[in-house]
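S.K.: Take these sequences, add in the hints, and give me the full structure.
Chains V and D are the protein sequences, given in the same order. Basically our numbering = 1-based index in the first sequence + 30. Basically our numbering = 1-based index in the second sequence + 12.
To be clear, the hints were calculated from the coordinates, so they are not data collected in a lab. All values reported here derive from a predicted model rather than from experimental measurement. Be careful, since some hints might not be right.
Once the Cα atoms are required to be at most 30 angstroms apart in a straight line, the calculated DSS-like pairs of lysine-lysine come out as [stated by the list, open to error]:
(1) D:245 <-> V:74
(2) D:245 <-> V:320
(3) V:278 <-> V:260
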Amino acid sequence: MFSGASNLAEGVDKAFLFIFTIAAIFIIGITAFMIWTVIHFSRKKGKAPMQFTGNVIAEIIWTGVPLVIVMVMFYFGWHGFAPMRNVPADAMKITAIGRMWQWEFDYGNGMKSKDLVLPVNKAVRLDLKSEDVNHSLFIPAFRVKEDVIPGYSNYMWFIPTIVGDYEILCTEYCGLLHSSMLAKARIKEQADYDKWFADFKSEAVKPEPDGYLLIRNTGCIACHSIDGTKLVGPSFTGLYGSSRVVVKNGSEVTVIADENYIKNSILNPDLEIVTGFNKGLMKSYQEILKEADIKTIADYLKTLNEGK
Amino acid sequence: MSNSETGTHVSYLEHEGKYKGLLGWLLTTDHKKIGLLYLYCIIVFFFVAAILGILMRVELIAPGQTIMGAQTYNGMFTIHGIIMIFVIVIPALPAIFGNFFLPIMIGAKDVAFPKLNLFSFYLFLIGAIFGVLSQFIGGGAPDTGWTFYVPYSSQSSTNVIYALIAAFILGFSSILTGLNFIVTMHRMRAPGMGWFRMPLFPWSLYATAWIQVLATPIVGITLLMVIAERVLKIGFFDPALGGDPVLFQHLFWIYSHPAVYIMILPGMGIVTEIFPTFSQKPIFGYTAILFSSLAIAFVGYFVWGHHMYTAGISTGSRWFFSFLTFLVAVPSAIKVFNWVSTLYGGSIEMRPPLLYAISFIFLFMIGGFTGLTLGSVATDIQVHDTAFVVAHFHYIIFGGMGFAFFAGMHYWFPKIFGRMYNDKLAYIGWGFLFTGFNVLYFPQFIIGLQGMPRRYFDYLPQFQTGQVISTIGGFILFTGLIIMVGNLVYHAKRGAIAPANPWKGVTLEWQIPSPPSHENFDEIPEINHAPYFFGNTSENK
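M.R.: The following block contains the structure:
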């Protein structure tokens with residue numbers, strides 16, 4: 031574990047090392063003492079037990095010494111933590127958005143990335159926003175973790191110090207695919223980062239289509255991918271106009287996925303279930319999506335087939 | 013059942029009151045029988061939750077889906093947590109050993125309110141059944157984790173309400189038991205038993221009872237608020253309704269952290285009884301142990317925020333909660349030093365209860381020290397909500413409270429049933445339990461440090477080695493449980509007849525026949541010396 035890749039790692043690891051060292055000394059020492067007493071004072075030796083009932087000086091010592099030790103531990107813990115809340119003024123600002131069940135990193139001006147790409151040795155501040163339930167953004171290699179709570183504006187900051195790819199995990203339980211809510215922190219040399227950023231910028235300028243925004247904000251894409259991946263539900267890619275085998279009233283029938291099919295699937299999801307998927311996981315969006323919204327979504331889904 | 017030792021002695025097991033047979037048990041107001049009712053229920057529920065645990069371990073043997081889907085897994089860790097925490101760990105020691113031995117150890121014939129005691133049991137049973145039912149009926153097992161964090165718990169379409177009601181009812185049972193014990197200790201100690209002549213297991217129950225009475229109502233109200241939010245859409249916690257999700261965490265942990273001390277304090281009380289008996293020597297530092305229990309109960313109220321270091325709470329409050337958390341470590345350390353000093357200079361007989369009590373200290377130390385890395389803010393940032401926390405609280409709750417429970421079971425078994433278990437089987441069971449326990453939970457510390465989050469159905473491939481070792485440990489542990497429980501269940505009726513005082517204990521429960529009579533004492537004893545008085549030395553009077 032002692033392979034921190036940020037400026038904050040050293041303080042955290044020092045505190046770990048101190049606490050673990052003290053722990054090992056006490057656990058081994060006290061265990062050895064217990065084993066020794068059990069052998070040395072065994073009843074089989076036939077010695078009469080001593081009858082003392084306590085010792086005030088001993089009590090004072092073993093109240094005082096642990097008190098001092100835990101205060102030193104507290105100091106190390108505080109010393110390692112305090113810098114985590116002092117963000118340098120020149121830190122670059124990125125908004126990290128958590129939603130069930132994906133991360134998104136907003137670089138401003140509509141530039142949103144699934145991974146957190148950063149230049150090495152530069153301070154970055156992440157403002158943490160949740161669009162639904164509690165999440166927690168955790169980058170083990172950087173020793174940072176802060177909860178992402180709806181309605182709250184939490185933050186974290188760090189300076190990545192080693193080029194490489196690191197795991198980003200969600201550590202506040204957020205429902206079905208909590209354990210799949212992963213992303214990468216990609217730390218690049220400044221020049222590589224600039225190049226990535228330029229490409230990213232030119233790509234990101236085109237606005238997102240309305241249909242996409244709708245299915246993203248409603249949470250559809252948490253379970254239905256738009257890149258063909260099979261998640262909890264079938265992918266949206268290649269859906270429109272395809273013929274699908276569904277289970278309806280217990281028997282398998284083949285239907286064509288037209289606008290009407292899409293509408294029914296949104297309003298009454300359990301009626302027709304595509305074979306290989308489970309019933310009861312999707313709720314009806316009857317009161318959430320209006321007629322016009324469903325039309326917009328269907329139009330957007332049509333575009334996902336273009337180029338195929 | 014057991015033979016009476018004298019012609020006139022009738023054990024509580026054979027005593028016939030107003031009702032006979034099964035009804036005699038179900039409507040009993042005898043604190044000993046109520047203790048046993050709790051014991052039998054808790055064993056059943058414990059195996060239900062342990063099997064859920066084993067199924068989760070099998071699922072985690074490889075990344076991705078192994079034997080169940082994500083939704084099933086999420087339901088399992090939720091129900092595992094709810095049953096283990098609310099049905100077993102919180103009530104077990106006070107409800108089983110507290111009920112059975114508290115009145116006897118203070119020289120009373122029963123608790124202060126025997127009917128209320130039976131009512132507590134039925135509340136417990138109803139709550140527990142609600143908890144188990146929530147797994148099977150309606151919208152599917154609750155999938156919120158036992159902590160019910162909002163907003164997820166106010167949105168999930170599963171049986172969250174059943175689980176909340178279960179926890180609410182169980183809380184009531186806990187409050188009533190606590191109240192009963194406080195009054196019992198205040199009003200019913202035998203003549204001559206001043207507060208400082210009361211044995212330390214009752215003292216630990218006294219500290220626990222105050223937490224039960226004062227802290228539990230807070231979680232009760234909090235859970236009702238979540239129900240109100242779900243049903244009536246009143247915005248307490250869900251920001252979509254104008255509520256505050258962090259407020260829930262505060263309210264939840266204001267109870268649920270002190271609840272950790274409800275779990276561990278009676279466990280500490282049990283081993284405090286065992287060390288003097290098996291060393292034939294007074295407890296070292298009676299007063300220090302007593303006041304450290306009260307200190308833990310008191311300071312324990314003010315450390316709840318250490319569950320929330322990463323929840324965006326203010327920097328100042330992180331400082332405050334970390335500081336107090338470290339303070340609460342000191343009384344625990346004092347207890348450990350006093351226990352091992354009790355062994356020093358004794359005449360030590362290594363029997364199963366002592367072996368379990370010593371294992372308790374070892375596992376509790378590991379749990380305690382890893383707790384310090386969670387109390388320290390910097391290190392908690394890294395390991396919060398990871399497998400490290402899972403390992404830590406299993407070391408405290410299972411290694412601590414669980415092993416203390418096993419110690420107590422082996423210690424008081426001859427008194428409860430009037431029979432002896434098989435020592436050799438007890439040692440074999442202990443061997444499996446102790447080995448399995450460490451093989452199961454220790455690797456979780458390591459993968460937790462490396463960044464394996466908790467409540468993960470799926471995980472990154474680098475964590476697999478640790479997960480596989482843990483699963484193997486799970487099976488060893490489960491084997492140990494079966495051996496231990498089998499040994500006790502079998503010998504409860506068929507074991508050799510136990511003498512009144514097989515371990516040469518000096519507290520009151522060892523001065524009456526095994527099993528005790530319905531009214532415990534033919535004549536209420538008069539107390540004229542300290543509780544752990546083994547010989548005629550002047551110091552100890």
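S.K.: Look at each hint and say if it fits the structure.
M.R.: Structure-based check of each hint:
1. D:245 <-> V:74: Violated, because 69 angstroms separates the two Cα atoms, which is more than 30 angstroms.
2. D:245 <-> V:320: Measuring from Cα to Cα gives roughly 22 angstroms; hence the hint holds.
3. V:278 <-> V:260: Judged against 30 angstroms, a Cα distance of about 21 angstroms means the pair holds.
Violated hint for the displayed structure: number 1, the only one.
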